[in-house]
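Number of protein chains: 2
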Amino acid sequence: MKTKVCEMLQIELPIFAFSHCRDVVAEVTRAGGMGVLGISGYSPEQLEQELHWIDEHTDGKPYGVDILIPNKYEASAKRSNGRPTLPEENQRFLRKLCDDAGIPPLPAGEGDRMFDEFLERLHMTPEAAEELFEVVLRHPNVKLLVNALGTPPKHKVDELHAKGIKVGSLVGRLDHVAAQIEAGVDVLVAQGCEAGGHTGTITSMVLWPQVVDAAGDIPVLAAGGIGRGRQMAAALALGADGIWCGSIWLGTDKSDLTPEMKQRLFNAKSEEAVQSRALTGKPCRMLKSKLSDAFEQPGAPKPLQMPLQTISTFEARTRIERARASDYMSYPVGQIVGDMNGETTVKEIVYGLLNEFLDATERLHQLVHAEDHA
Amino acid sequence: MKTKVCEMLQIELPIFAFSHCRDVVAEVTRAGGMGVLGISGYSPEQLEQELHWIDEHTDGKPYGVDILIPNKYEASAKRSNGRPTLPEENQRFLRKLCDDAGIPPLPAGEGDRMFDEFLERLHMTPEAAEELFEVVLRHPNVKLLVNALGTPPKHKVDELHAKGIKVGSLVGRLDHVAAQIEAGVDVLVAQGCEAGGHTGTITSMVLWPQVVDAAGDIPVLAAGGIGRGRQMAAALALGADGIWCGSIWLGTDKSDLTPEMKQRLFNAKSEEAVQSRALTGKPCRMLKSKLSDAFEQPGAPKPLQMPLQTISTFEARTRIERARASDYMSYPVGQIVGDMNGETTVKEIVYGLLNEFLDATERLHQLVHAEDHA
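First to last, the protein sequences are chains B and D. Read in order, the letters of the first sequence correspond to residues 1 to 374 in the working numbering. Read in order, the letters of the second sequence correspond to residues 1 to 374 in the working numbering.
Isolated chain B, as found in the complex (with noise of 0.2 Å):
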């Protein structure tokens, strides 16, 4: 069941699994798969760990990294300037909130040192993903980077493919096709509103034979609402190479949220992952939970630019967290958390998408010629 993009990358199922738990892209990277961890948010020092451990852990099977590097920033949030100037009213707002919920303060004194270190982490600046590359170019199982938000620069690209890594990049309507293609992705991942995460207005249905058409010779990945076979055979029908997943892997055992936040996507319809500002400032599409409520009530404060959202809801995410007030915990996470209703394990979602992808193939194959047989 070889597609080009198999051919592209070496590998033997085009099943990608995007995810930040380093276990997670082992066990697809070995099982046929490939595996790609979402690197933001790592230090270079972190990052050289789970590159490495994934490394020992994968028999030299290639994988993927994704680095989330937004176009527009706002300049005031870069960390040679020191700690960003928050607005007070969504500051007051975010703290109010966590006291009417009667959530404790962080400890006097540590809430700054926490502070400081998630600034350290937060590497969305051109400077900081510059560190990460680094990182990266010294694994050479790396095979694939894919950004996520925006098109990388052609220098970039250029400068991976020397290293014989592919480029990929994800896309969320028909117009931003063609920049990357000019600068020279070798994989488009085509993601419909349903995807967890950052996503646009356009659903998978009509996104992707948009996107496939014109890619022209670039795979097309299809992202955004799959969590099970019959989406595969739908997204391969749609003309896409391959599939790419990334919410149906936080309920593996392999995923490391916590029990609550687990058992609270187990119990999620499908109509509670919601499009918010309330995490990161760009629409994203999470768990809908009382905070992201509160940004959607009349008189809450206007979420800030990416990365300041961020920054500025830094304190009330930790305080929650802390208190484990899951009501309050969003999570980023698409629609078909409405089907994740209880762990499950890393090969049996690989293998189930197999399986009810070839009944569904078959079934279609059945329906057309059955008058043949009749």
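In case anyone wonders, no lab produced these hints; they're calculated from the structure.
Where chains are identical, the list cannot tell them apart; a pair therefore holds if satisfied intra-copy or between any two copies.
Result set (DSS-like, lysine-lysine): computed pairs, CA atoms no more than 30 Å apart in a straight line:
{"id": "1", "residue 1": "K154", "residue 2": "K269"}
{"id": "2", "residue 1": "K290", "residue 2": "K262"}
{"id": "3", "residue 1": "K282", "residue 2": "K262"}
{"id": "4", "residue 1": "K254", "residue 2": "K143"}
{"id": "5", "residue 1": "K96", "residue 2": "K302"}
{"id": "6", "residue 1": "K269", "residue 2": "K302"}
{"id": "7", "residue 1": "K163", "residue 2": "K143"}
{"id": "8", "residue 1": "K302", "residue 2": "K290"}
{"id": "9", "residue 1": "K302", "residue 2": "K282"}
{"id": "10", "residue 1": "K282", "residue 2": "K269"}
{"id": "11", "residue 1": "K288", "residue 2": "K254"}
{"id": "12", "residue 1": "K96", "residue 2": "K288"}
{"id": "13", "residue 1": "K163", "residue 2": "K4"}
{"id": "14", "residue 1": "K163", "residue 2": "K2"}
{"id": "15", "residue 1": "K254", "residue 2": "K290"}
Since the structure of chain B is provided, determine the placement of chain D on it from the hints.
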């Protein structure tokens, strides 16, 4: 290529065409699919004429009708109360919008007459629907009645069954399925949020398999985001028994849209098909216009509840139409509008759907069996 729903309704192709144009309904029906006429908005006399015309142009083949009866209905809008009271703020806002755009008012006296005629045609109460049902029952080739909003009452389903008419219902979320099964419907139309018209928030990719699994033996038609054969293949791969298309017929030579509106659809991108309450008061996906934009502005009045919003905007919509102020015209259409680039015929669409469906199915089969032949 017959599916269960084809057997149930004695049709050749699992392609359902929702349209307000009798010509589209007749042509799809003649081609072996099933045309479904949207009958809300007709007077009983007009409906009699339309169904008579369809009967005469479909060689005795079965066809369907679709009626819109909201579950939640503003009692103040009932015709028996005469003219409903509309909030002055909304009327002033709409009048100013037109005045500022230089769109002339309706000629003195004529506005009132047109408004009364419009109210007369607004068959959205159970009483008004009853008059339409009576007309429908006089046309024995009507074999499917679909209710677009909410659950039909059990006694109505029984009455229709007794006359040999199958009953269908639109669902936009998994939660809606159980009540429909309870009410005894024969067919579910699972409509993703990319569809034109009234929709929910769940996309087709996620919704269809959820509804299919919950529906058990009841066949599910896939709606929302289908304009080409690859999408039809995806729908059937996801477990649907057939497809339900609406938007795609708007760009055909049989569509009764004005040439200006057709051109606007051909020029539009998918992201211009927005969800708005501007036309009916319920979230309805439509071509973005200066009218729908106006309701998104800060300080705009809140759209009224159905059907008061339709009534409230009547005067402005009529002024806009008479002035052919096409920038201000919205029309319900789904995200596939981005793929509609020029006028086609109904036949081209039906055969295009089938051909691309067969190609996609064959491609999937080859992909799985490539190694068998290697």
